[in-house]
Amino acid sequence: MNLSRRHVMGLGVGAGSAVLLSACGDSGPNEKVTGGGQNAAPAATSYDGPNVALAFWNGFTGGDGPFMKKLVDQFNTEHPNIKVSMNTYQWADYYQKTPAAVATGNGPDVGIMHVDHVSTNAARGVILPLEDLAKALNFKAEDFSPPVWNAGVYNNTRYSIPLDVHPLGFFYNKGVMEKAGLDPEKPPTTNDEYQAALETMKSKGIQGDWVTPFEFTGSMQFQSLLWQFGGQLFDEAATKATFGEQAGVQALTWMTDHVKNGYSPKNVAQDADIVAFRNSKNAFNWNGIWTINTLKEDKNLQWGVAPLPQIGTQKAAWAGSHQFVQFKPKAKDDNKLAAGKVFINWISQHSIEWARGGQVPARAEIRDSAEFKALPEQSAIGTQIDYLHFLPPKPGIADAMATVVTAINEAVLGRKEPAKALADGAAKADQLLEQNAKKYGG
Amino acid sequence: MAAETAATGGQVRRTGPATPYLFLLPYFVVFTTFVLVPAVYGLWISLHDWDYLLPGKPFVGLDNYKALFDPGSAVYSFWWESLSATGIFTVLSVPLLLVIPLLIALLLNRRFKGRTLFRAIYFAPYVLGVAVIGVLWRFLLDPNLGVVNAIIGGSTPWTTAVPWAWVTLVGVTVWWTLGFNAVIYLAGLQDIPRELYEAARIDGGGKWSEFRHVTLPGLRPVLLFITVNTILVSANMFGQSYLITQGAPGTETRTAIMYIAQVGLADYKMGSAAAMSYLLTACLLVISVIVFRMFREKDK
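These protein sequences, in sequence, are chains A and B. Note that my numbering has the first sequence beginning at 1, numbered continuously upward. Note that my numbering has the second sequence beginning at 443, numbered continuously upward.
So that you can see chain A by itself, here it is in the shape it has in the complex:
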């Protein structure tokens, strides 16, 4: 047993933690990439060049994956000279993998990004402008919905084409409501009705609205409430956090009061709110539209979904959006770029199939179609389209949002008063916004 060898070994393990990071610090493309490089390929709705193969990456690991796969297969059948192959990763991995892949020249051709990641990736030169595609197809904001459409613009340049919006909706368990003596066909739509329903359930010994302290979906509930009370997360230019102001405090207090008043148990763990809902221990749940297909798996569960109730002074709901992007290639290949645009346009036109996977299509004509109206849950949530809110298109905005998530967690778990938690978070967010402004150049 050699002591000195062990010594070296022990130190090696310690040094490993430092190595962990530097190993990821690949030097990447050194050419000037700010602004995403050039994408001069002519955009068209059809492609008649030589055969091309396109790599299409996304993070549709849930029930939505098979719907997209089906669309891709159909596209391949209709376009013999374009072969699209789809690869799916966990979103968290995807957002770490794609920049690294692009940097080493192994990136995909086409992909999906959440709208709040578009500007960060545009600023980091991972994705290409899609201005020409939007122009060639004569897309206008009204063809989608102005907030969704405008969310894909960074530095006056369009980088993404919206595929869908996925807003928060109000899910209610009809069985639990009935048990409490509430009308299961009349979910609350105002704060008065909401509080009355909670009180009724409480009197029957039911904690009817579990408040989750975690990002999914506590942070989205908070944001919806914040906007409903007339607040904003950040100021116009996203240089200062404003979520700690009065509207934010009102929103978060509304959530923590649930716990205080016994409408929600304390210490709700990750996903416990929706698990309780599925097991009929919880009546109300503010959750994403993606929950529709999950709940449909529970054959005996009686549930419904409605637009979010109006708790504050105006209607508002949080939404995310999946958007198409084209990745920066190692060497420019006009055929691939052109084929990629044909693909994006085609999927967008066929997004009614995608809606069946539990989404609201971004394209207005599809949203207004009879086929979409025939999807009762999706279209109920879809009626919120005119008052959906998205994050400002600012590079690195996700860093600042992490402080919001922490503040909600602290307040709902009773570690800090709402005002204090938000003020602490906002102070941190201000510093991060300032750092990012410097890093990404304003």
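Since the hints were made in silico from the structure, they are not lab data. Here a beta-carbon is modelled for each residue, glycine too, at the ideal position from N, C-alpha and C. Careful: at least some of the hints might be erroneous.
[Stated by the list, open to error] Here are a few chain A residues that face chain B, going by a calculated C-beta distance under 7 Å:
| no. | residue |
| --- | --- |
| 1 | Gln-96 |
| 2 | Pro-99 |
| 3 | Ala-103 |
| 4 | Ala-272 |
Guided by the hints, dock chain B onto chain A, whose structure is given.
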């Protein structure tokens, strides 16, 4: 390598002067590629505002390090909170991971029926990945819906409030990894010559003095390895917090490695993350040296 050995085959004792170096070469290549170069490169990164995709990587000197000690910086409170979370976890888990596996190893070293089965049972959790045990215990320990609270009654916030979250993280880690330490102890115990125990018995020593004067000194080299290794592994804890508590409440159970990963891989501030890594490495170096010193003094 093979050619070298073949060439000198037959003359076992006579080797060229380069032979030992040639034997070292493969490991050295791996070591250089995956430890030495990244370690030096990381140091370089830590002196910059580094995002590998941005064209500008401005040199900032020691600013990334200074920020860690400046209470007004964006990283200061998060960094020290995460480092103290790592510290709390290490201080709580290391003594348990030194003592409990030793007791188990002592038991498993005795002769009894089904000994091999028990050895396997105690080792079994260790073969599971952190993702498996993390998700498993998150479900079992859910404050409102979990099996554990259903059995013992009440609604202890195992995963959402301190100090319970620490009880969970330490308890799960001890359960998960004690098998590894126990197996090493067991190997050490089997290395202690039987004659020493016989001699102790002839001298009239009881069970306790046998343990005190034969077992413990016999285990010293093993104990040193286990102590250092357990400290380093505990200080690098990531998966348990990431999966079971998600750092909650707030960021109180977010460990240093978790925060470093957030800053470096999610916020793309690799310079700052690299600086944190080096500070953590420095802390662990100091602790390792202290542990080695402690064991060396005992040698005298």
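**Asked** Given Ala-272 (chain A) as an interface hint, is the shortest Cβ-Cβ distance to chain B below 7 Å?
**Response** holds, 5 Å
**Request:** Would you settle whether the hint for Ala-103 (chain A) is holds or violated, based on the nearest Cβ-Cβ distance to chain B being less than 7 Å?
**Result:** holds, 6 Å
**Message:** Given a cut of 7 Å on the nearest C-beta pair, is the interface hint for Gln-96 (chain A) held or broken against chain B?
**Reply:** Cβ of Gln-96 (chain A) sits 6 Å from chain B, so the hint holds.
**Item:** Hinted contact Pro-99 (chain A) with chain B - closest CB pair below 7 Å
**Value:** Constraint on Pro-99 (chain A) satisfied, holds at 6 Å.
The structure agrees with every numbered hint stated previously.
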